[in-house]
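So the sequences go chain by chain: S and V. Sequence positions in the first sequence follow our numbering and run 265 to 563. Sequence positions in the second sequence follow our numbering and run 979 to 1276.
Derived by calculation from the structure, the hints in this document are not laboratory data. Check before you lean on any hint, since a few could be wrong.
[Stated by the list, open to error] Some, not all, of what chain V presents toward chain S, calculated at C-beta under 8 Å:
hint	residue
1	Val-1063
2	Ala-1076
3	Gly-1084
4	Ala-1089
5	Ala-1216
6	Leu-1229
[What the hints assert, rightly or not] Output of the computed footprint for chain V on chain S, the stretches with three or more beta carbons under 8 Å from beta carbons of chain V:
hint	region
7	274 to 281
8	287 to 300
9	307 to 321
10	499 to 505
All of these numbers come straight from a predicted model, not from anything done at the bench. Even glycine gets a Cβ: it sits at the ideal position worked out from N, Cα and C.
For reference, the chains in residue letters:
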Amino acid sequence: MLDFVIYLVTISAIYGMLAVSLNLQTGVTGLLNFGQVAFFGVGAYATGIVALNGGSWIVGVLIGVVVASLLGIVVGRLGRTLAADYWAIVTLALAECFRLIVTNESAWTGGPQGIGGIPGPFASDSALIVSFAWLGSCVALLAATYFVSQRLTETQFGRVLRLLREQPLLTESLGHNVTAAKVRLLMIAAPIAAIAGSCYTLYISFIGPGQLLPIETFLVFTMLIVGGMGNMRGAIVGAVVVQLIYSGSRFLKDVFPIPPENAGSIRVLIIGATLTAFLLWRSEGLFPERLRKLDADRS
Amino acid sequence: MFQVLIDSAVRASELSLVAIGLSLTWGVAKFANIAHVQYAPLGAYLALLFVNMFALGLVVGAIMGILATGLIGVLLYRAFFRRLVRASSATALIGSLAISIVITAGIQTAAGPSPRPLPLPILPGIAFGGAIITRTQLIVIAIATTVIIMFFAGLMLTKVGRSIRCVMANADLAEASGIDTARIKTHVFFVSGGMAALGGVLLAMDTTVSLEMGTVLLLPVVAAVIMGGVGSPLGSVAAAAILAVVENLILDIDFGSLLGGETTYVPLNYSAAIGFVALILVMLLKPQGIFGFGGRRA
Chain S
265 MLDFVIYLVT
275 ISAIYGMLAV
285 SLNLQTGVTG
295 LLNFGQVAFF
305 GVGAYATGIV
315 ALNGGSWIVG
325 VLIGVVVASL
335 LGIVVGRLGR
345 TLAADYWAIV
355 TLALAECFRL
365 IVTNESAWTG
375 GPQGIGGIPG
385 PFASDSALIV
395 SFAWLGSCVA
405 LLAATYFVSQ
415 RLTETQFGRV
425 LRLLREQPLL
435 TESLGHNVTA
445 AKVRLLMIAA
455 PIAAIAGSCY
465 TLYISFIGPG
475 QLLPIETFLV
485 FTMLIVGGMG
495 NMRGAIVGAV
505 VVQLIYSGSR
515 FLKDVFPIPP
525 ENAGSIRVLI
535 IGATLTAFLL
545 WRSEGLFPER
555 LRKLDADRS
Chain V
979 MFQVLIDSAV
989 RASELSLVAI
999 GLSLTWGVAK
1009 FANIAHVQYA
1019 PLGAYLALLF
1029 VNMFALGLVV
1039 GAIMGILATG
1049 LIGVLLYRAF
1059 FRRLVRASSA
1069 TALIGSLAIS
1079 IVITAGIQTA
1089 AGPSPRPLPL
1099 PILPGIAFGG
1109 AIITRTQLIV
1119 IAIATTVIIM
1129 FFAGLMLTKV
1139 GRSIRCVMAN
1149 ADLAEASGID
1159 TARIKTHVFF
1169 VSGGMAALGG
1179 VLLAMDTTVS
1189 LEMGTVLLLP
1199 VVAAVIMGGV
1209 GSPLGSVAAA
1219 AILAVVENLI
1229 LDIDFGSLLG
1239 GETTYVPLNY
1249 SAAIGFVALI
1259 LVMLLKPQGI
1269 FGFGGRRA
C-alpha cells in the first residue's frame, strides 16, 4: 500500500509538470497544443537514447531540454499564420509524426519495443530509499515548476499572454509581437514537458512509442479541465485527481469481474467520462481561474 | 502505372466519403470534429455486430450500421457538441478529442483489440492492363462514386441541399430568412456520420475492421478537408483524390536515381506521414485551401 501511495504521488508530480506546462500554453495563452506528448517524448527519448549509449542521465536531460526548446521555437513559429483550431491539428499531426519516427528508426530508438533497462540516478540497496528519493526530487521539481510558472503569469509578459488568449487581434494592435510572445512562451513550456518526460523515463526505466499515443495528451487535457484552465494550482490538483482515478481504476478488476484485456480500455473510458462530465457541467474546473479585477464601475 | 491509378481510386473513394462529412460539419457547426474519423470504425464495427447478432447479410448489416452511426453522430452533436460550441470552438475541439478517445476505448471494450475481417468471399483479382484489381476494390469504387454523386446531386439540386449551403455560407442570415437551421444541422450530422460509416465499411471490405482505422484516417482526412477548403465538400473530394495519387505515387518514385545517386525509395512505413507533410505544407502556404475557399489566418 505504501508503495502504491509513493508511486501515485511521484507519478502525479511528473504529470503535474506536464499539466503546468500545458496550462501555460492552453490555459494562460489559449494555444491548444494537442501535441503536448511530443515535448514529453523528446525529453523521454533523449534520456533513453543517451542512456542506451552509455551517457550520464544528466546529459540526457540537458539534450532533451535543448531539443524541446528548439521544437518549441518551430511549433511557435507555425502559430504565426494559423488560427487556433488549425494550430491544434498541426500539433496533433506533429506528435503523431514524432511517434511514427521513433517507431521506425529502430537503430536509435529500439523501434516498437522501445528502450528498457535505463539506469536511474539513485542507487541504494534499499528500494524504499530509492522510492523516497524519487518522490522527493519529483515533488521538488514540480514545486520549482509551479513557482516559475506562477511568477511568469504575474509579470507583464504573463498579462500579454492572457490578452493574447482573449483578444489576439487587440494584442497585435497594441503593438505586441504576437509570434515572439508565443515562441518565448513555448521555449519555457516545452522544456518543462521535456523534463517531465526525462523523469518519467528514468523513473519507469523504460520508454516506448506506446507512451506517445494521443491518449497521453488527452490525459493532460483532462487534468487541466478538471483542475481549472488557467489556474496553476488547479493544474496540479487535476493531475492528482486524474492519476488517482487512472491508477486507482487499476484495482477495479479486483472488485468487479472485468476481463484483464479490457482493463486498459475501461480506465480510458472512465477518464473520458470524467472529462465529458466536466466539460458539460463544470467547464471552469474545480479551481476556476481568478483574474485580478479592476473596479471600472466604481469611479 | 495502372496499378497506381487503381490504388489511388480506391484510396480516394474511402478518404472522400469521410472527408466530405468533416468538411460539411466543420462548415455548418464551426468546429473541427476530430471524432468524425472515428465514425468510420464505429460504422464498420456496428455493421459487423448487426451481421453477427441478427445473422443478416452483409449489405443489410452495413446499412443498419451506417444508419446507426448517423444517429449517433446526431445525438453527439445535439447533446454534447452543440453545448460546447456555445462556450467556444476550442472547447468543442477538446470535447471532440475526448469523444474520439471514448469511441476507440468503447469499441475496444466491446469488441476486443484484434482486427477482424468482414464476412466476404475471397475472389480472384482481375488482371487489367498489367495491373490487378480485386472485385472488392471494384465494388468499393462503384459504391463510393454512386454515393458521392448522389450526395452532390442532393446538395446542389434539392431544397434541403440549398438550405445546407445557405447555413454554411451564413447561419444567421439563413435563420433570419426562415430556414430551420437546427433541423438542417441535424440533417448534416446524420448524412456526415452515415457517409463516414460507409467509408469505414468500404475500407473494412478492402482490408479488415480494426481499431486503428479511425486514427490512421485522421491526418489524411484533415489534410484533405483543409486543402479543399473547410465547408467545401467538392474541394475535399478533389483534395482527397490528389492526396491519394501523391500517396501512391511517392512510394513508386526512385528518388535516388532522380537525384543521381543510389536507388532510394521512401520507406513504406512512412507513407502515413505523407498526409501530415501535405497538411503542414498547405497550412503554411495556402491555409485558405488550394482552391481558395474558406480557411482563415490567425
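Of all the hints given earlier, name the ones this structure violates by number, lowest first. Hint check: 1, 4, 5, 6, 7, 9, 10 fail, others pass.
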